[in-house]
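As a plain string of letters, each chain reads:
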Amino acid sequence: MEEKYGTSISKGLSSARAAEILARDGPNSLTPPKATPEIVKFLKQMVGGFSILLWIGAAFSWISFGIQFAQGAESPFDNLYLGVVLALVVILTGIFAYYQEAKSTNIMASFSKMIPQQALVIRDAEKKELPADQLVVGDIVEIKGGDRIPADIRLIFTQGCKVDNSSLTGESEPQSRSCDFTHENPLETRNIAFYSTTCVEGTATGIVINTGDRTIIGRIASLASGVGNGKTPIAIEIEHFVYLVAGVAISIGVLFFIISVSMRYKILDSIIFLIGIIVANVPEGLLATVTVSLSLTAKRMAKKNCLVKNLEAVETLGSTSIICSDKTGTLTQNRMTVAHLWFDDQIYSADTSEDQTSKYPFDQSSQTWTALSKIVTLCNRAEFRPGQENLPVMKRVVVGDASETALLKFAEVVLGDVMDIRARNKKVAEIPFNSTNKFQLSIHETDDRNDKRFLLVMKGAPERILERCSTIMINGKEEPLDSEKAEAFQTAYMELGGMGERVLGFCHLYLPENEFPDTYPFDTDSMNFPTSNLCFVGLLSMIDPPRSTVPDAVSKCRSAGIKVIMVTGDHPITAKAIAKSVGIISATSETVEDMAKRLNVPVERVDRRQATAAVVNGMELKDMSLQQLDEVLCNHSEIVFARTSPQQKLIIVEGCQRQGAVVAVTGDGVNDSPALKKADIGIAMGIAGSDAAKNAADMVLLDDNFASIVTGVEEGRLIFDNLKKTIAYTLTKNIAELCPFLIYIIASIPMPIGTITILFIDLGTDIIPSVALAYEKAESDIMNRRPRNKSKDRLVNEQLAVYSYLHIGIMQSVGAFVTYFTVYAEQGFLPTTLLGVRVNWESNAINDFEDSYGQEWTKYQRTYLQWTGYTAFFVSITIQQVADLIIRKTRRNSIFQQGLFRTSFLTPRFQYWFVAVPFAILIWVYDEVRKLFIRRYPGSK
Amino acid sequence: MARDKQKRSCGQVLAEWRAFVWDPRSRQVLGRTATSWGLILLFYLLFYGFLAGLFALTMWVLLQTVDPHVPKYQDRLATPGMMIRPRTETLDVAFNVSAAETWQHYVRLLHDFLEPYNDSVQAARNAACRPGRYHEQPDEAVPNVPKRACRFARSALGPCAGLGPPGTAFGYAAGRPCVLLKVNRVINYFPGENKSINVVCAAKREEDAARLGEMAMFPPNGTIDLMYFPYYGKRVHVNYTQPVVAVQFLNATANEDHHVECRLNAAGLRADDERDKFAGRVAFRLRINRD
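Going line by line, the protein sequences match chains C and D.
Letter by letter, the first sequence follows residues 3 to 943 in my numbering.
Letter by letter, the second sequence follows residues 34 to 324 in my numbering.
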């Protein structure tokens, strides 16, 4: 070994040699997934969405400028400026979107940057603390309990070393490690500890054999990056929307280009019309609004412990129809807690809530309880880390394994200061738990000064403990353990086990004073004390209890039409018990096995379709064909996958996606990363999650809590609703911007609204209300709807477009035109005079253009009037957009149900303000009537 | 995420389209039954009919509120513009003396323009007014009574009146072209603050003045009589004759561009608006070609 890695076990590598290898192999860290270069991201923003259309508009402007300039026309610079403005719009909105994206990415970057890990290395025959990324192959490292393994290590010396490989294999039980080679497969053999796993207890020394990306974890992580990541639903929706609007813009543009050419307009003029039509049709500010809305929601979600890496994932969460959730830590508290006690032939339940609010729910007066509590307290090696006296008991850090921790905390909560009790009952001998004995034993002096007897206490696997007992304590009295009592024990044991709980048996024995005097030398190796014929006291069962918020969250999911599937590596019975207690399997539903039991028929004869729930074992899953899996997913509404490997998670996710579902998956281990990537939205755990999982995920749950996902779902649905409102709002005025162009071309009236004015509306006055709509509160109860159907419930559908364009949009246009005609009429041009005047109106040579009163106008005077017209048109669109904003606040409810907020983003500047007011009111009334009909006759088109 | 769409053959797509256009089973045309289409069309008919009616109504209300004699606002016309005749598309007067077809249309345009200024017409329609002061005709009891217009003698334009033998043709044939200048009509506008007003012409740049040569103004001094003001609008001031001033270029250098600017010289009138090049002034290009 030493030779192979060119090292010395006692002295380690020399610093020089290490530096050489480091230069050759690179640092011992995982290369982060290849990020898209910033410039590419930036350029993507520049050409994405409507930008292409606007670039085309800008190009046309410049071309017509070039032509006009070459022809020596008088004011060619208008087109140059228009082109510049269009380009600026694209660039600025691009920069803005890029900035928003970058900001949310930064949150993640700062999050993933963790405190550099240190490793204890032997180099130059000295022990040194080095940053873990400086490790090289051949280094000798020392590990102790609690450390993270800094690289793949071949162990050469171990002492009670156990590692937690759950991030790699998904197995939650710690595995012991030794120096012996036990298996061909490096994943199976016991003498290798893997990078990024943790050492739970014991110490070990080993040689680094792989570093960085060459470690097992590194290889898996690079595999995960191969799994394709599709578009998010909102990206698809926005793309759909962009296509729709662009399609409308281009077809109207081309249609009117043809019309204007055939109406003998000059080609150049026709091109300018085309630009105007495109600009009028494209909601320039919308994509920026969407980005703002999403990032506002992302911020809000971050406050609720959902950190969103990809802005679009915000909405994906809202359209989720299946959540595949981990059990441990997500649904449960991730700590063993005493759930039940059995003594005096009776089962008591203990408090399992996070904050221990219910006080002593069981009978503590019995003598048996006193005896049991003593065993629980004394026969326990776990201890609180010092200096946590002010923390609540459940939050204190404990040194010791999960069960002992549970017992310690239980005792501390129920009895008070455990350490004090232990100090008063001095320990004289102890046999720690091992897998051969399956029990733990200790002998103590008693705290009763008059009682000189030693107390032997023992805990362990219930059946083993019972074997060693001849009596049982009932109500404080020892009674012989007859078959009837043994039967009662069996029943209780089965019942507790059936609840998926880990059961421990407790017994004790007072050693007779005459045989074991004060000075008796207890020897744990020769066991010179009795270990049988003890007195059985009781059973305690422990479980990792569900988080208290989870059942509520699960029922919320249910009413929101989201299917929650539990995927866990745990035992089916435990999994089922937790699933039942959180409501993933509801109280009334049965699995096939339950039905078989109830009907007393073999499992095969039960009609599988009648069972609503299913618990699928990982072994069964392995043998299933895809069709069978689909059938399971389809037929059962409540599914638990137990004993599954992380690889099977991927299969389950794919199965769900085949049903057309939008799947959210939670995960923490490295092996979860393919599933996280494959899922429509991967949710990594912030506390328990590995870096690889966080990299692969779209979202990170900072508190690992399932309930936070549900909050996220709510936010996601809200943002979809609100974006729909924003888009409806934004689309409406497009018609009012477009109609002027069309009528200008057809009726040859003076231009009612200029291209720049349109841009000013789109990017100026309309942005704030659009964003305001994104802040709109949830309508009715959005968590009582089914998840949106990806193919039917689009962001922009036919109805929305028709209603925005053909109903409200037309009304707005009519209102705006009335304002336009009013302005011209009051200045001297009656409507009839305006028809067909375009050519003369725009001629630079005609400076005595006659109005309806016989007055004559110069070109500039007309242009100035035209600008007044633009402003009036603009004002009337804006004022009608206020009505539009009000009606868009709700989709179904009446405004009077939702409440009206003040919108004061306009300052009065013109008397023409009020011309459009009746139309604004009309829009409102019209929409209220529509909503009334929708409420009256829901479901009809 | 990337889920394959079910591949469909071309024939199926076509069949689907055909079914969409006309589905004999559900008797649907383009996804709707005849009744449904009927209702939709009826709805839009009513809806747009209503909107059109509303539009017509508001326009009617608007027209009711508008005074047909005087516009509500005149703030854009504070300074009246000026224009030349003959008017072409580019504000140019450019011709070749020896080629009659290059100036014939100018002559025709001028004749057409001066038609209403004929003495016969003027004498029949218009009144002889007292020169040198505004011809105010206030409404007494009845509002908007028709107003008399003042006579303008075409002959006052001298050689530029086009009254001579056909050959003279406003001087174009001789290379001494006439250009008429007029001030835009603005209702109730009183120029000059009761002092006489006149039009002056000059080369745009002073250094070009010599090459532009002498100019003759008709009526003499380019004077516009105050009696032609104010204008009361075409509805009540039916036969209003706009006063005209003529400028004749007597010996402008041939074969080069002359940029001429004429301005209205009136007290209280500002003709130096940077943006409006035609407020109280007019600029045009003159080019006389000789072989």
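There may be inaccurate statements among the hints.
[Stated by the list, open to error] Dumping the calculated EDC-like pairs for lysine to aspartate or glutamate here, alpha-carbon to alpha-carbon at most 16 Å:
1. D:K267 - C:E595
2. D:K105 - C:E828
3. C:K624 - C:D609
4. C:K487 - C:E515
5. C:K164 - C:E190
6. C:K306 - C:E716
Everything labelled a hint here was simulated from the structure, so no lab data went into it.
Hints versus structure:
| no. | hint | verdict |
| --- | --- | --- |
| 1 | D:K267 - C:E595 | violated (99 Å) |
| 2 | D:K105 - C:E828 | holds (5 Å) |
| 3 | C:K624 - C:D609 | violated (22 Å) |
| 4 | C:K487 - C:E515 | violated (29 Å) |
| 5 | C:K164 - C:E190 | holds (14 Å) |
| 6 | C:K306 - C:E716 | holds (11 Å) |
Consistency with the previously given hints fails for numbers 1, 3, 4, ordered from lowest to highest.
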